[in-house]
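The lines below spell out each chain.
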Amino acid sequence: MSNNNVECLECGADVRVPGNVMQGEILKCGDCGIELEVTELNPLTIDLAPMEMEDWGE
Amino acid sequence: MPSELLVELVSRYSPSRHETPAVEYLVAWMQGHDFEAHIDEVGNAFGRRGPANAPHTLMLLGHIDTVPGEIPVRVEDGLLYGRGSVDAKGSLCAFADATALAIIPDGWQVIVVGAVEEEVATSKGAHHIRDQFCPDLCIIGEPSGADRITLGYKGRLLVDFSLTRPLAHTARPEPSVGALGAAFWYEILGWCAAQNEGHTAHFDQIMPHLRSINTESDGFHDTVRLTVGFRLPPHHTPTSVFAEISRFAPSDATLQPSSMEQAYQGDKNNALVRGMLSAIRGQGARPAFVSKTGTSDMNVVGAQWNCPIVAYGPGDSNLDHTPNEHLPLAEYDKAVAVLRYLIERL
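Residue numbers (the numbering used here), protein chains in the order written: chain A, 1 to 58; chain B, 1 to 346.
Bear in mind the hints are in silico, worked out from the structure with no lab data behind them.
Treat each hint with caution, since some may be false.
[Stated by the list, open to error] Some chain A residues near chain B, calculated using beta-carbon distances under 10 Å:
#1 Glu25
#2 Ile26
#3 Asp31
#4 Gly33
#5 Glu35
#6 Ala49
#7 Pro50
#8 Met51
#9 Glu54
Glycine included, C-beta positions come from ideal geometry on N, C-alpha and C.
With the hints as extra help, turn the sequences into a complete structure.
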């Protein structure tokens with residue numbers, strides 16, 4: 001894993017992080033396809049991106 | 001203590017086209033909390049904090065009307081009961097409370113609108129606002145839950161079908177008009193099922209509903225009338241669906257489309273969504289995204305403004321339009337904190 005990359009929380013693959021990444025940005029793992037959210041920039045921290053749900057209304 | 005604004009506004013029952021007392025209250029409240037506020041040309045409550053000539057605008061577009069059905073307003077065990085507590089005065093009041101509390105960043109104005117007539121097909125208030133402004137960011141005030149962000153709403157189409165034929169003896173072999181109306185409906189069901197193949201999410205499917213079917217006779221002619229509603233995914237426009245299903249109608253049938261709204265689905269990677277994710281996490285919560293199978297004023301303004309747009313507000317939308325509509329006050333306070341966090345970090 002390079003300094004600018006993070007390890008996928010799902011499959012452990014190397015996920016590229018753009019140099020101009022922003023807090024809250026959603027990254028996609030190229031190997032397993034899962035989405036990851038950048039929750040902190042310093043230190044660079046990721047979490048699984050928010051789940052997508054469906055709902056009725058309005 | 002519950003928000004005074006929330007309790008007072010929910011207490012002012014305001015079904016569509018009867019919003020004036022609620023609008024007057026909200027405008028007066030905003031005037032008392034450092035907003036420039038007035039009632040606009042179509043009756044919307046309008047309030048602004050920050051300079052009108054600021055280069056950037058955050059539009060907080062809520063609606064102040066409700067569906068009919070007055071519910072006695074009361075607070076029990078931390079829940080506020082009342083018509084509109086969830087859909088959507090909770091969201092609108094959270095917009096106003098958060099904007100009033102926030103320090104507005106330099107270069108920004110924050111506009112709060114309580115639009116009229118969202119719960120009827122006219123969406124008069126949102127159409128007016130859509131043509132007056134072009135904001136940088138927009139949040140639609142609808143209940144998503146304080147920890148969730150609504151990214152999209154499905155589109156909509158209503159079709160009225162009418163077929164009249166001369167009365168014939170039922171011993172004759174020709175199908176009745178009622179049977180022809182039913183056949184039209186079954187053709188629609190089959191076409192929708194074919195279109196939905198491979199789409200597992202409800203948001204991505206065409207959802208047809210037979211809203212009514214009636215036959216009548218004047219002694220000389222039989223008539224069948226159907227109203228069919230469609231909830232549409234982003235990849236089907238109301239116009240294209242109407243054209244497709246028109247093929248299934250007998251040539252002497254009359255078809256009338258109405259309530260045509262294009263679905264809208266926002267992007268997940270933009271400044272507004274990033275800000276909302278941080279704001280929700282800032283309250284110690286884990287955010288989630290949601291797509292809705294209904295429609296809202298997002299459908300009205302989304303395509304024209306073409307800016308980052310989400311819907312957000314406290315409450316469970318499963319309680320929308322129900323006699324049990326109620327809003328947890330703790331969730332309301334959380335939504336105010338999320339919105340204030342967002343505004344102060346624009």
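Legend entry - Cut-off 10 Å, beta-carbon criterion: hint that Asp31(A) touches chain B: For Asp31(A), the interface hint is violated, since the closest Cβ of chain B sits about 20 Å away, which is over 10 Å.
Legend entry - Given hint Met51(A) near chain B, where the shortest CB pair must fall under 10 Å: Where the cut-off is 10 Å and the nearest Cβ of chain B is about 5 Å from Met51(A), the hint holds.
Inset, instruction - Would you check whether Glu35(A) satisfies its interface hint, that is, whether its CB is within less than 10 Å of any CB in chain B? - result: holds, 8 Å
Inset, instruction - Could you check if Glu25(A) really has its C-beta closer than 10 Å to a C-beta on chain B? - result: For Glu25(A), the interface hint holds, since the closest Cβ of chain B sits about 6 Å away, which is under 10 Å.
Legend entry - Hint validity - Glu54(A) Cβ closer than 10 Å to any chain B Cβ: holds, 5 Å
Inset, instruction - Go through the hint on Gly33(A) and say holds or violated, using the shortest Cβ distance to chain B against 10 Å. - result: violated, 14 Å
Legend entry - chain B contact restraint on Ala49(A) - CB to CB distance below 10 Å: Constraint on Ala49(A) satisfied, holds at 8 Å.
Inset, instruction - Closer than 10 Å between Cβ atoms is the bar; does Pro50(A) clear it against chain B? Give me holds or violated. - result: holds, 5 Å
Legend entry - Given hint Ile26(A) near chain B, where the shortest CB pair must fall under 10 Å: Because about 5 Å separates Ile26(A) from the closest Cβ in chain B, which is inside the 10 Å limit, the hint holds.
Hint compliance for this structure: hints 3 and 4 are not met, and every other hint is.
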